[in-house]
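K.L.:
Assemble the complex: chain A is given as a structure, and chain B must be docked to it using the hints.
Protein sequence lines, in the order shown, are assigned to chains A and B.
Residue numbers 124 to 371, in the working numbering, belong to the letters of the first sequence in order.
Residue numbers 488 to 1009, in the working numbering, belong to the letters of the second sequence in order.
Warning: the hint list may mix true and false statements.
Listed below are several chain B residues computed to face chain A (Cβ distance under 10 angstroms; list not exhaustive) [said to hold, decoys possible]:
hint: 1; residue: Ser-504
hint: 2; residue: Arg-546
hint: 3; residue: Ala-614
hint: 4; residue: Ser-617
hint: 5; residue: Val-618
hint: 6; residue: Lys-621
hint: 7; residue: Leu-1001
Partial list, computed: chain A residues near chain B (C-beta under 10 angstroms) [as the list claims (entries may be wrong)]:
hint: 8; residue: Pro-142
hint: 9; residue: Thr-232
hint: 10; residue: Ala-235
hint: 11; residue: Thr-287
hint: 12; residue: Pro-306
hint: 13; residue: Ala-367
If you are wondering where the hints come from, they were derived from the structure by calculation, not from laboratory data.
Every residue gets a Cβ at the ideal spot worked out from N, C-alpha and C, and that includes glycine.
Listed below are the residues making up each chain.
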Amino acid sequence: MSGAWTIYRRELAGLFLSPLAWVLLAIALAFNGFFFVLSVKGFGGDVLASMSFLLGGSYTFWLLVVLLPPLVTMRMFSEEARTGVLEFLLTAPVHDFAVVLGKLLAATTLMAVLWSSALVYGAAAAALGTAPDWTPLLSGVFGATLVSALFCAIGLSISAVTNTPLLAAFFATIANAAILSLPFLDALLALPPGSPLRVMLGHANVITQFQASFVVGALDTKHVLFFLVWTGFFSFLATRVLEARRWW
Amino acid sequence: MVVSPQDRSRGGTGAWSRWALSLQVFGVVALALLGAVVVTYLATLPALRRRFDLTAVGRNTLDTTLAELVEKLPEPVLVEVFFRPFDYPLTRVGAEAQGRMSELLHVARNQFPTQVKVREHDLTDVAKVSVRMKELDLEEDNVVVVTCGKQKVVLRLLRDIARVDPGNPLVESEPTLEAFRGEEALGMALLRVSIDETPRVLFTVGHGERDLFDLDKPVSLGKLHSALVADGLRADRWDPSASPEVPAETRVIAIVDPQQPFSASEVDTIVRFVESGGRLLVTTTGNERLFGASGSPEALLARFGIAARAGYVAQPIPDGFGGWRMGIEQCGTIVVAGAGLDRRHPITESLWRSEERVGLPNARALAPEGVRPQNSLLVDLLRSPDMSWRDLPQSGGRGDWRFDQRSEEGGPFALSMALAFPPEGLVDATEGERRAARVVALGAPDVLGNDILARNRDYVMNVFNWLSQRDYRLVIRPRETDRRVLDLANTNALTVLNVLAFGVLPGLCAVLGLVVAMSRRR
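One chain only, chain A, in its complex shape:
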């Protein structure tokens, strides 16, 4: 897996040495910051409620989660395939999964930087005399990073399919939105309580999985594993798609 580390460093440098990442971060931070201040006002200065709002308790968080990972990952394979760099990468003595893993970690790191802004807000609140509860705040950032990893993995899988970055971003956004909307099928199909499909949809509810633990300050192995397993699955899918590029 040393190849993954090399790819990770290369991708991270590529990300942070391109203006796109900084522009995305600036926009996302401004968006996040605006809603954070709004929530502080709305909750009458309640720091804990505002932090929960920022990290998973609001639609704005999920909007960022749906939109940002596709923009970060769209170029990772499709752009390289278009410019021909991917050929070199695939012929390099690195396993395909290491390539996917390195890129996934790099994209997730960028998202983690974004969510870490909550720690800066927390530090500011502490400096103003009201320290947040740090452990749940850290778990919130960890959870947000895990969710982002899942959506980055989806973005990578789709980026591996196409040679057009914009198309990759578009389809990844659609896929992310579809995954978040899965639980609404339950109401749409008027499924009776206890039906297998309803139970399955309940288990596939990303928002509930996240809010039932990370947002309320708990760490639940069920939810951590959920995100790890599905991130792993989509990374595996990206690896297989990448591999298929050799012979298709």
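P.N.:
Relative to chain A, chain B alone:
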């Protein structure tokens, strides 16, 4: 899955080979998908699942007492939530109470996923919900129903779970949540549903008592019967003249407003039942000719050192202009609240705490008199207000509802009393509290009638629960709410956060992006 040179030499890069390889990839991906589903499912199994509460105040963990109760449940409980938004002015405070109860139930469900199932009903789906409410015999919403096997307990949001200060609309002070007792209410409910027993309550018949099954007449006991059954008790009739011995497994005997006297042997049977650790509810009679006579309920009460006084207790009614009115029928309905409720007794403690009122029409005064059983404890459960008086019958039989200081006695008076004493022949003193004989005397039989039972339901149910030994006491510390609030009014906190969140952090990223763009251009 790389195509080897040998395959190429055999023409392996043809369409068929590609399709075959694609199928293999699909197969592998399908297997991976199955694996992911299996692992996701396994992670939900309670045996493999671990949950860690990271909050400073243990927001995601139940109180140890409550947790122990859940662990000891004989079978899983189903908690059904019927919440609907309250009308103004209770909208905000109601939502707060609903939110805290929902959070508590989620914590319970997450901590004990196999023991606690929570079902939140969507009250906008009227058709579906009304069917379920009918099944559960619910007449109101904003309740939480705890069910375990055949046992069921209904918790009302703004009475059992939360206490609301109504505020004052005249000074624009909104209602506030005075106390949230969700943990305690849930604990009590779990305790009650987990005990798999249906104590038997027998209502005497054969002496003109009120009908236990009639739901139509205002003074009959049909609604009381339904309430007792819904609360997990077995209520039935007993005719002492037909079967002189108290039936086996009887926990409580109730005598409600008899019109004919009991025979001496019947009275002796009942007294023996109580003295050997049985429980008895006796109301006074509304029959003036029977009142106080031999074989009357008053004579039975006298055997336990409780006397019922002639006449009916009355109180003046506010006239709406700051004065008081007497001489009207309404004076004969006593409203007991606050200091009139004993604040320590299990029957009235919860009523006192939640500032409930008990309304007693045509109530007779009770008082300790004569010889009481040894080591007995007699408590005034309900006391009439200080300005009440005992209205004596005039020549026509009824009182005039006016206080005559010369001939009538001024209040307060006991309207309901509870007596407890160790049964005869008790060997183990530590068993005393558990097996104590208990008697409740009630001076107003109408309290139990169909017409006003709903108003006094909590008091009546507490009486039967105490008599049938289901007066569980549980003290659970309310879960702490960790509020860390920035002083927005007196500091520049909001300005600082605004500058940092909306200016400094995004600005820093924009500057760095600019630097990167310029350096790449060079």
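K.L.:
Checking each numbered hint in turn, tell me which of them this model violates, lowest number first.
P.N.:
3, 4, 5, 6, 9, 10, 11, 12
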